[in-house]
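Spelled out from the first residue to the last, the chains are:
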Amino acid sequence: MSYLSISHITKQFGDTVVVDDFNLDVEKGEFVSFLGPSGCGKTTTLRMVAGFEIPTAGRITLDGADITEKAPNQRNVGMIFQSYALFPNMTVAQNIGFGLGVRKEPKEMISQRVEEMISLINLEKHANKYPYQLSGGQQQRVSLARALAIHPQVLLLDEPLSALDAKIRVSLRAEIRAIQKKLGITAIFVTHDQEEALSISDRIVVMNAGLMEQVGTPFEIYNFPQTQFVANFVGSLNTANAEVSDPVKGLVNVNGVQFITASDIKSRKKGDAIRVSVRPERFSFVSEEKKDNVLDCVIENITFLGSVVRIQVRIGEAKFNMDTFNNPFLDLPKIGSKEQVTCSKEAVLVLDE
Amino acid sequence: MRPDPTNPKSENPTVGGAKRPPRLQLGHWLGVLPFFLFSGLFLIGPTLILAYRSLEGSQGGLTFDNYRQLTSNTVMDAYEISIRVSVTTAILGGIIGFLVAWVVSRGGLPPRFRLITTTFSGVAANFAGVPLASAFVFTLGRVGVVTALFKLLGVDLYRTGFSLYSFIGLTLVYLYFQIPLMVLTILPALDGLKREWREAAENLGATPIQYWRQVALPVLTPSILGTMILLFGNSFGAHATAYALTGGLFNLATLLIGQQISGDVLHNPGLGYAVAMGMVIIMAFSIFIYSILQRRSERWLR
Amino acid sequence: MTTSSVSSTVVIKPPATRKRWESWLIFVVVSLYFLIPLGATFYWSLRGEKDVLGFEAYRKLFADTNFLPAFSESIVNAIATIMLSLLIVVPTAYWVTLRLPKLRPVVEFITLLPFVIPGIVLVFGIIRLYSRPPLLLTATYDSSRVLLICVYVALSFPYMFRSVDNGLRAIDVRTLTEAAQSLGANWPAILFKVIFPNLRVALLSGALLTFAIVIGELTIALYMAQHTLGPYMANLTRSKVYEPSAMAIVAFAITWAAMGIIDFVGRGSSRHAQMIDTD
Chain A
0 MSYLSISHIT KQFGDTVVVD DFNLDVEKGE FVSFLGPSGC GKTTTLRMVA GFEIPTAGRI
60 TLDGADITEK APNQRNVGMI FQSYALFPNM TVAQNIGFGL GVRKEPKEMI SQRVEEMISL
120 INLEKHANKY PYQLSGGQQQ RVSLARALAI HPQVLLLDEP LSALDAKIRV SLRAEIRAIQ
180 KKLGITAIFV THDQEEALSI SDRIVVMNAG LMEQVGTPFE IYNFPQTQFV ANFVGSLNTA
240 NAEVSDPVKG LVNVNGVQFI TASDIKSRKK GDAIRVSVRP ERFSFVSEEK KDNVLDCVIE
300 NITFLGSVVR IQVRIGEAKF NMDTFNNPFL DLPKIGSKEQ VTCSKEAVLV LDE
Chain B
0 MRPDPTNPKS ENPTVGGAKR PPRLQLGHWL GVLPFFLFSG LFLIGPTLIL AYRSLEGSQG
60 GLTFDNYRQL TSNTVMDAYE ISIRVSVTTA ILGGIIGFLV AWVVSRGGLP PRFRLITTTF
120 SGVAANFAGV PLASAFVFTL GRVGVVTALF KLLGVDLYRT GFSLYSFIGL TLVYLYFQIP
180 LMVLTILPAL DGLKREWREA AENLGATPIQ YWRQVALPVL TPSILGTMIL LFGNSFGAHA
240 TAYALTGGLF NLATLLIGQQ ISGDVLHNPG LGYAVAMGMV IIMAFSIFIY SILQRRSERW
300 LR
Chain C
0 MTTSSVSSTV VIKPPATRKR WESWLIFVVV SLYFLIPLGA TFYWSLRGEK DVLGFEAYRK
60 LFADTNFLPA FSESIVNAIA TIMLSLLIVV PTAYWVTLRL PKLRPVVEFI TLLPFVIPGI
120 VLVFGIIRLY SRPPLLLTAT YDSSRVLLIC VYVALSFPYM FRSVDNGLRA IDVRTLTEAA
180 QSLGANWPAI LFKVIFPNLR VALLSGALLT FAIVIGELTI ALYMAQHTLG PYMANLTRSK
240 VYEPSAMAIV AFAITWAAMG IIDFVGRGSS RHAQMIDTD
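Protein sequences appear in the order of chains A, B and C.
Just so we're aligned: 109 in numbering that gives the first Met the number 0 is position 110 of the first sequence, and the numbers increase by one with no gaps anywhere.
Just so we're aligned: 235 in numbering that gives the first Met the number 0 is position 236 of the second sequence, and the numbers increase by one with no gaps anywhere.
Just so we're aligned: 123 in numbering that gives the first Met the number 0 is position 124 of the third sequence, and the numbers increase by one with no gaps anywhere.
Keep in mind that a hint or two might mislead.
Claimed, not checked - Keeping only pairs whose Cα atoms sit at most 25 Å apart, straight-line, the calculated BS3-like set for lysine-lysine is:
{"no.": "1", "chain 1": "A", "residue 1": "333", "chain 2": "A", "residue 2": "318"}
{"no.": "2", "chain 1": "A", "residue 1": "69", "chain 2": "B", "residue 2": "193"}
{"no.": "3", "chain 1": "B", "residue 1": "150", "chain 2": "C", "residue 2": "101"}
As the list claims (entries may be wrong) - Here are some of the chain C residues that sit facing chain B, going by a computed Cβ distance under 8 Å:
{"no.": "4", "residue": "85"}
{"no.": "5", "residue": "88"}
{"no.": "6", "residue": "118"}
{"no.": "7", "residue": "180"}
{"no.": "8", "residue": "247"}
As the list claims (entries may be wrong) - Just so you have them, the derived chain A footprint on chain B, three or more residues with Cβ under 8 Å:
{"no.": "9", "stretch": "39-51"}
{"no.": "10", "stretch": "187-197"}
If you're looking for bench data, these hints aren't it; they were derived computationally from the structure.
For each residue, glycine too, the CB sits at the ideal point set by N, CA and C.
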């Protein structure tokens with residue numbers, strides 16, 4: 000049996016099903032993210048692991064023990080909140096020592112552990128400051144230290160970076176990941192930010208409307224999305240209406256232009272209406288390399304996005320974005336000029352709605 | 000120290016004449032002039048004249064004689080009763096008001112009870128003076144409705160030593176505006192208690208009692224104490240209700256000043272000024288403590 | 000993905016809801032303390048006639064030759080106070096927010112003074128300052144009345160300033176002013192077409208609060224020998240039996256009306272004020 004096992008969890012508030020038959024096994028030391036839009040049930044699931052909500056049905060076991068109905072203060076899980084939730088009347092050191100204090104640990108042991116934690120998060124100079132004297136990033140690091148001080152079996156992070164500035168968000172997420180790896184602690188990380196989930200996790204659970212859409216490594220989630228929702232939510236995506244023209248060969252017709260796809264469409268019939276999706280970065284100009292699909296297009300618009308240049312092309316009647324890496328010697332086509340773009344058949348996705 | 004060439008802020012602003020000092024426009028001051036004029040003429044001026052007179056000796060010259068005489072029996076008694084009533088109503092009003100605020104915000108009552116309570120508190124906190132005194136006379140006066148009901152039950156309230164026109168009575172009446180004031184000022188502080196704090200404490204293994212003793216109460220303490228001090232001042236300076244209730248004859252600091260205005264009951268005008276200034280000093284001190292505590296609590300509950 | 004063998008039909012009972020009877024107990028007991036005096040007063044006010052319950056006490060109150068003059072004088076005083084106070088506080092709050100932020104601590108300090116100086120002390124000082132030359136303002140009834148209104152104005156500053164200041168904060172007056180300026184509006188247009196309409200709720204709250212405080216004010220009016228509602232009510236309690244109860248109920252109703260309107264307009268404020276102003 001795995002370390003943390005969440006099996007067939009359902010949560011209802013009144014008549015609303017917030018989490019529907021959630022199943023997940025997490026190995027010790029693994030970093031798992033719950034990714035989804037707000038209201039998808041990711042936070043509720045996390046709160047059930049913490050004990051703030053009791054599931055309507057299902058079981059949660061941790062290291063072999065059933066914790067489904069255990070009170071939050073009887074579990075040994077650390078939680079980190081979006082709003083930091085530091086106690087405003089206590090200094091950094093007092094905040095970190097709180098969990099050990101309420102366990103009535105000996106004083107020397109507490110102060111030793113607090114010191115250890117403070118040096119882990121590099122806030123030695125701020126040990127005696129109050130939360131309002133710290134920046135948001137520093138406060139969240141204290142909150143991390145406070146959760147870790149009690150030697151939790153699992154670390155739960157509820158959108159811990161959402162309230163922070165973009166730059167600090169990136170550096171703190173690296174810091175969280177490094178500390179997690181160093182301590183070998185099991186962690187569940189809730190976020191609505193796909194980039195965050197992709198960069199930090201061992202595995203990602205994509206959720207939508209209370210249901211699990213897909214579970215997999217960041218690589219799998221991004222490159223092999225199994226549903227339209229996952230493909231849309233993670234990364235950017237071109238989607239166009241199409242018609243099956245040859246289910247066996249994998250040919251689809253997008254507004255009169257023939258595409259070949261590697262997705263399995265054998266179960267569909269000729270003439271079925273479907274939708275095809277292509278990620279912008281999978282397109283390239285024919286001049287560089289020729290792939291399975293070679294498509295005539297007109298350049299409609301060019302947008303400079305920094306490291307990436309986004310080119311809008313019209314293929315037949317359908318408009319697609321293609322992304323190409325920026326470099327100072329990039330030879331961009333003119334708007335209105337006719338070009339040929341290409342993409343592999345694996346890049347053309349036909350997904351379940 | 001050399002100026003840092005990469006930092007334009009370290010440049011001397013007068014060099015090169017790029018920046019001029021801000022123009023002093025009279026028009027800007029016209030907008031605030033009436034405010035200062037009214038405050039000066041009708042708040043500060045009258046208080047300063049009392050302060051000056053209180054330091055004036057009977058033979059002229061500046062002296063603390065009048066303040067020394069504050070220890071006379073009449074004055075000390077008046078101050079003592081005023082302070083006793085204020086401390087009692089501040090503590091009782093504070094505790095009861097806190098309980099009410101707690102009950103309507105977190106006690107599990109339907110939300111509309113909170114709305115009713117805040118609206119009613121707004122009314123009751125401003126319902127001082129003659130009508131309030133009347134209402135209690137009709138309730139607990141010698142022929143009041145509640146007094147009569149007690150008589151039907153065989154208890155003569157006024158034989159048990161109770162009187163509306165005494166310390167207990169005044170306390171009971173003052174609570175009618177003290178409790179609502181506490182409710183109105185403490186509710187925002189209670190709302191400032193974040194749910195995450197309780198959850199974080201629970202998550203770290205704390206029992207509800209540990210959470211209350213180590214987090215919630217310490218966080219609320221500045222607000223509770225501060226508001227109680229506000230209540231103290233509110234009661235200490237109250238005149239109209241006590242005047243209406245007792246006809247101005249009770250020995251209370253505010254009523255004593257009233258008597259001194261009508262006729263020199265202290266037989267020493269200078270002492271009257273000193274009594275008034277003594278009140279201002281006590282009020283200023285309590286408002287000062289209140290604002291310090293309030294600032295701390297705002298910092299925590301932001 | 001999942002290898003769990005636990006059946007999905009495990010249903011957990013929701014935890015029992017917490018007992019709330021303590022909350023109800025506190026609420027009911029405190030409510031009784033607040034409602035019984037009102038009930039008792041109302042009961043007395045209905046006993047103006049022998050042996051029957053009726054509104055005789057109210058009829059007698061309104062028929063009293065001194066009541067209506069005192070009441071109307073207090074209303075006029077209150078309205079004058081509100082007008083004057085608005086005229087002084089609105090520019091002050093606006094200037095302090097926009098042009099002279101350095102003055103803010105000073106203004107805020109001054110608005111604390113009415114809480115520091117008890118009314119009885121203030122009227123003491125007023126009488127000493129204005130009852131002899133060169134500032135003789137208490138010579139006639141009317142000059143005293145003007146003086147009384149001026150004192151009320153100063154006493155209304157905390158309530159007015161806080162209301163207006165909150166209103167100004169809520170609408171981000173700096174941005175609004177700059178937007179209006181960039182569209183070519185001049186100062187009168189900015190004030191009357193942009194700022195005031197958006198401050199309507201704040202101004203109304205401050206005005207009604209001032210009204211509730213001034214209308215039955217006793218201490219200052221009493222020692223300045225003014226025939227307003229406060230001294231009238233105090234006198235009534237000494238001379239009549241049933242009318243004071245009717246008077247107390249009327250006063251309570253007035254306070255309730257003022258506070259109720261503040262609550263009502265305050266609740267819909269941000270939405271309503273803007274919607275009404277688009278026409």
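Structure-based check of all given hints:
1. Of the pairs offered as hints, the one joining residue 333 of chain A and residue 318 of chain A holds, with about 17 Å between alpha carbons and a cut-off of 25 Å not exceeded.
2. The straight-line distance between the Cα atoms of residue 69 of chain A and residue 193 of chain B is roughly 23 Å, inside the 25 Å bound, and the hint therefore holds.
3. Distance check on the hinted pair: residue 150 of chain B and residue 101 of chain C sit about 63 Å apart at the alpha-carbon level, beyond 25 Å; violated.
4. Interface hint at residue 85 of chain C: violated, since its Cβ lies 11 Å from the closest Cβ of chain B, which is beyond the 8 Å cut-off.
5. Contact between residue 88 of chain C and chain B, as hinted, is supported at the beta carbon level, the nearest pair being about 7 Å apart and thus within 8 Å.
6. Checking residue 118 of chain C against chain B by beta carbon gives a least distance of about 6 Å; that is within 8 Å, so the hint holds.
7. For residue 180 of chain C, the interface hint is violated, since its Cβ never comes within 8 Å of a Cβ in chain B; the closest pair sits about 16 Å apart.
8. Below 8 Å, beta-carbon pairs count as interface contacts, and residue 247 of chain C has one with chain B at about 4 Å; its hint therefore holds.
9. A count of 0 residues in the stretch 39-51 of chain B with a Cβ less than 8 Å from any Cβ of chain A is obtained; the coverage claim is therefore unmet, three being the minimum.
10. For a cut-off of 8 Å, the count of residues in the stretch 187-197 of chain B with a CB near a CB of chain A stands at 3, and the three-residue condition holds.
Hint violations for this structure: numbers 3, 4, 7, 9, all remaining hints satisfied.
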